[in-house]
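J.: Kindly generate the complete structure, drawing on both the sequences and the hints.
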Amino acid sequence: AQSVTQLDSHVSVSEGTPVLLRCNYSSSYSPSLFWYVQHPNKGLQLLLKYTSAATLVKGINGFEAEFKKSETSFHLTKPSAHMSDAAEYFCVVSGAGTALIFGKGTTLSVSS
Amino acid sequence: DVKVTQSSRYLVKRTGEKVFLECVQDMDHENMFWYRQDPGLGLRLIYFSYDVKMKEKGDIPEGYSVSREKKERFSLILESASTNQTSMYLCASRTMGTSGEQFFGPGTRLTVL
Numbered sequence: 001a002q003s004v005t006q007l008d009s010h011v012s013v014s015e016g017t018p019v020l021l022r023c024n025y026s027s028s029y030s031p032s033l034f035w036y037v038q039h040p041n042k043g044l045q046l047l048l049k050y051t052s053a054a055t056l057v058k059g060i061n062g063f064e065a066e067f068k069k070s071e072t073s074f075h076l077t078k079p080s081a082h083m084s085d086a087a088e089y090f091c092v093v094s095g096a097g098t099a100l101i102f103g104k105g106t107t108l109s110v111s112s
Numbered sequence: 001d002v003k004v005t006q007s008s009r010y011l012v013k014r015t016g017e018k019v020f021l022e023c024v025q026d027m028d029h030e031n032m033f034w035y036r037q038d039p040g041l042g043l044r045l046i047y048f049s050y051d052v053k054m055k056e057k058g059d060i061p062e063g064y065s066v067s068r069e070k071k072e073r074f075s076l077i078l079e080s081a082s083t084n085q086t087s088m089y090l091c092a093s094r095t096m097g098t099s100g101e102q103f104f105g106p107g108t109r110l111t112v113l
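Protein chains in written order, with our numbering: chain F, 1 to 112; chain E, 1 to 113.
You may find that some hints are simply not true.
[Claimed, not checked] In silico DSSO-like pairs for lysine-lysine, Cα to Cα no more than 30 Å straight-line:
(1) F:K42 to F:K104
(2) F:K42 to F:K58
(3) E:K57 to F:K49
(4) F:K58 to F:K69
(5) F:K42 to E:K3
(6) F:K58 to E:K3
(7) E:K70 to F:K42
(8) F:K69 to F:K104
(9) E:K71 to F:K42
(10) E:K57 to F:K42
These are calculated hints, taken from the structure and not from any lab test. Values in this document were obtained by computation on a predicted structure and should not be read as measured data.
T.: Here it is as structure tokens:
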């Protein structure tokens, strides 16, 4: 069975500092992994996805994530936070059949 | 530009009412999904449909049913709304295959009084 754990429910950073949102997954086969972002009162938007190609995946808005099979991790990073990055972020793993399994979310706060 | 639309952004209903939430996608996707989103719980899958007239239960189907008569439209039905169904409901669609991106609608915030 697949599952995903986001290790932090809330992360606070200052503008211009690096962002790290942590995600561990469990999967009985080679998974597809995603990060989605949800800004307040907006729909979910795909940031990036891993589908067994390159282990370092680049997404939109300067975000990237590295798939580490040995650590079963798929952490999301950004070198320099911007105020507009404040949002909720979801780590997602593909489940059996066609369903996606969502983590519980990490709220990112960015202060000036 | 791909689009998933939901019939209402905000909805207020009374306990015991029958509630219909509609979702329409314009991407000719085979798969469609209904989730509910609650603080601290992430998104939980209610039902999904992999083709017209096909449906599968998700993780929390109790108290809900669905209908998919046309490929572009997927309806979520609350047969008798209860207060514990107050939530944000999100619809999504995807083309076939487990690695495909899901596209989400803006959500319907349902309040049951």
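J.: Are there hints from earlier that the structure breaks, and if so, what are their numbers?
T.: none
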